[in-house]
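J.: With chain P held as given, fit chains R, X and F onto it using these hints.
Line by line, the protein sequences give chains P, R, X and F. Quick note on numbering: numbering that gives the first Met the number 0 labels position 58 of the first sequence as 57, and the sequence is numbered without any gaps. Quick note on numbering: numbering that gives the first Met the number 0 labels position 64 of the second sequence as 63, and the sequence is numbered without any gaps. Quick note on numbering: numbering that gives the first Met the number 0 labels position 85 of the third sequence as 84, and the sequence is numbered without any gaps. Quick note on numbering: numbering that gives the first Met the number 0 labels position 89 of the fourth sequence as 88, and the sequence is numbered without any gaps.
Simulated from the structure, these hints should not be mistaken for laboratory data. Treat the hints loosely; a few may be bogus.
What the hints assert, rightly or not - Far from chain P by the CB rule (all over 12 Å, computed), these chain X residues:
(1) GLU31
(2) GLN51
(3) ASP116
(4) TRP121
(5) PRO124
Unchecked claim - Below, a list of computed lysine to aspartate or glutamate pairs in the DMTMM-like style, where the Cα atoms sit at most 25 Å apart:
(6) P:LYS75 <-> P:GLU93
(7) X:LYS6 <-> X:ASP125
(8) P:LYS75 <-> P:GLU31
(9) R:LYS87 <-> R:GLU1
(10) R:LYS87 <-> X:ASP59
(11) F:LYS75 <-> R:GLU9
(12) X:LYS65 <-> R:GLU1
(13) P:LYS65 <-> F:ASP114
(14) F:LYS40 <-> R:ASP114
(15) F:LYS87 <-> F:GLU9
As the list claims (entries may be wrong) - Computed, partial: chain R to chain X, Cβ under 10 Å:
(16) MET0
(17) GLU1
(18) VAL10
(19) GLY24
(20) PRO27
(21) GLY52
(22) PRO56
(23) ILE57
(24) ILE58
Here a beta-carbon is modelled for each residue, glycine too, at the ideal position from N, C-alpha and C.
4 protein chains.
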Amino acid sequence: MELFIEKNIEVRFSEVDSMGVVWHGAYPLYLEDAREAFGEKYGLTYANYVAQGYYAPIIDMQIQYKQPLRHGTQMKIIARYKPTDAAKIIFEYEIRDRITNILYSTGKTVQVFMDLDYQLVWQNPDWFVEWKNKWQQ
Amino acid sequence: MELFIEKNIEVRFSEVDSMGVVWHGAYPLYLEDAREAFGEKYGLTYANYVAQGYYAPIIDMQIQYKQPLRHGTQMKIIARYKPTDAAKIIFEYEIRDRITNILYSTGKTVQVFMDLDYQLVWQNPDWFVEWKNKWQQ
Amino acid sequence: MELFIEKNIEVRFSEVDSMGVVWHGAYPLYLEDAREAFGEKYGLTYANYVAQGYYAPIIDMQIQYKQPLRHGTQMKIIARYKPTDAAKIIFEYEIRDRITNILYSTGKTVQVFMDLDYQLVWQNPDWFVEWKNKWQQ
Amino acid sequence: MELFIEKNIEVRFSEVDSMGVVWHGAYPLYLEDAREAFGEKYGLTYANYVAQGYYAPIIDMQIQYKQPLRHGTQMKIIARYKPTDAAKIIFEYEIRDRITNILYSTGKTVQVFMDLDYQLVWQNPDWFVEWKNKWQQ
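Next comes chain P alone, as it looks inside the complex (with noise of 0.2 Å):
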């Protein structure tokens, strides 16, 4: 069973630079937006992290620009869960035109575990191993 989300993307004059696209930089917001959609759908909010006692702090973050984006464009980014039997959450995102379905970028985030302390868990945490689970992941 694959898990992912769907959500639109509406640019902000704000993030839109000199250049008149998207800055590279403001990506790793959508991506984050993405995650907490995930998170609201799947149960695995940054909220529940603590809640059970654990940061899950980004360790790797790759993204591609494959097109710019611009302001007004219809865009959604679609965040994929990938499974892994590693103490790790990985997601892959794609950033498409929801009318013509163009691939504008393409990304990959892994997150970890650390306790309250910021120490990093080398273990899936019992909680997250029912959450997979429960997912069947």
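T.: Same frame as chain P, now just chains R, X and F:
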């Protein structure tokens, strides 16, 4: 004795909008940079507040945009501490050209004291009274 | 006839500072989101301005922070257009709780008209006069 | 001859998230600050590109987060230009502690050349070939 600092501003590419000028929403960061520089100079940093068991959130911010800021312009921000008997920290700001002294922007911020439970503190904390006395404010 | 919009605000993780509340510098973006939503509703978008050969930069912004905004709180922002005979566009804002209607923050922005050479335009452009007439402003 | 710069980073209060560390989405700005400093040192600024009739947008960005960045930590970012025969500009980055030299983060960006109509340029522009020759790249 007037307490103030001058800090140079380097406009970032990402702060310039599609009109080719600094986005108005970037200025609060300039003001905060100036407050942090002031705090370094006079011993009134965010870390100081927290070490004493207080937050000092902004309750009012006003910015006037008189001339647009452009990438590459040599600017400075002046932050002046404005003494008050109230349990508040008030700063007034000017953004000026380092060469011509042209006035690009003015601003003002008002901070209050809150405890770490985010409850408003109505009287000046002792440590802040000492700080005021030290600087004859 | 009062012109206004209500737009829901979803606090982003990245907008929350180390005090656990929305950083004060994030509010100008909320106000801009509201102006963009207003523009969509009433035909007064940034694209409209440029299509007519004008910019409408903000020359004054004021924000009062009455109650801290937290991640997960259900909020809305109300933006009200305030008619004026001057060649200005004035909005007043309220950020309120969608459930309790608690008032978290108020704000105001003033925009002027400039041509694409960034020269101030002292009189209301004809197209804006027509817009005002259309909406009986 | 290796081309590189070292630039100090001062973490801003606004860049620190509710976990008490720098939000991962703030790093692209650190990388851009380093690129701008590199451009100042070696004559390869955004203004240079545009003056020559080119943009140099980022098409790929990768960041690894090895140790969290905290407010007040004394850090520097090293940006190294990586020569390539392709019509690309490649930088590799390290964020290190100015005192202990601990490695906090690594990154990489790839830029291509586009004309002012945002069309990809497949060959190195003459002025960039001259720049490479000047620096024996």
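J.: Does each hint hold? Answer for all of them.
T.: Here is what the structure says about each hint:
| no. | hint | verdict |
| --- | --- | --- |
| 1 | GLU31 | 6 Å, violated |
| 2 | GLN51 | 16 Å, holds |
| 3 | ASP116 | 16 Å, holds |
| 4 | TRP121 | 25 Å, holds |
| 5 | PRO124 | 20 Å, holds |
| 6 | P:LYS75 <-> P:GLU93 | 8 Å, holds |
| 7 | X:LYS6 <-> X:ASP125 | 29 Å, violated |
| 8 | P:LYS75 <-> P:GLU31 | 13 Å, holds |
| 9 | R:LYS87 <-> R:GLU1 | 17 Å, holds |
| 10 | R:LYS87 <-> X:ASP59 | 23 Å, holds |
| 11 | F:LYS75 <-> R:GLU9 | 17 Å, holds |
| 12 | X:LYS65 <-> R:GLU1 | 29 Å, violated |
| 13 | P:LYS65 <-> F:ASP114 | 16 Å, holds |
| 14 | F:LYS40 <-> R:ASP114 | 46 Å, violated |
| 15 | F:LYS87 <-> F:GLU9 | 30 Å, violated |
| 16 | MET0 | 28 Å, violated |
| 17 | GLU1 | 25 Å, violated |
| 18 | VAL10 | 16 Å, violated |
| 19 | GLY24 | 4 Å, holds |
| 20 | PRO27 | 4 Å, holds |
| 21 | GLY52 | 13 Å, violated |
| 22 | PRO56 | 7 Å, holds |
| 23 | ILE57 | 4 Å, holds |
| 24 | ILE58 | 5 Å, holds |
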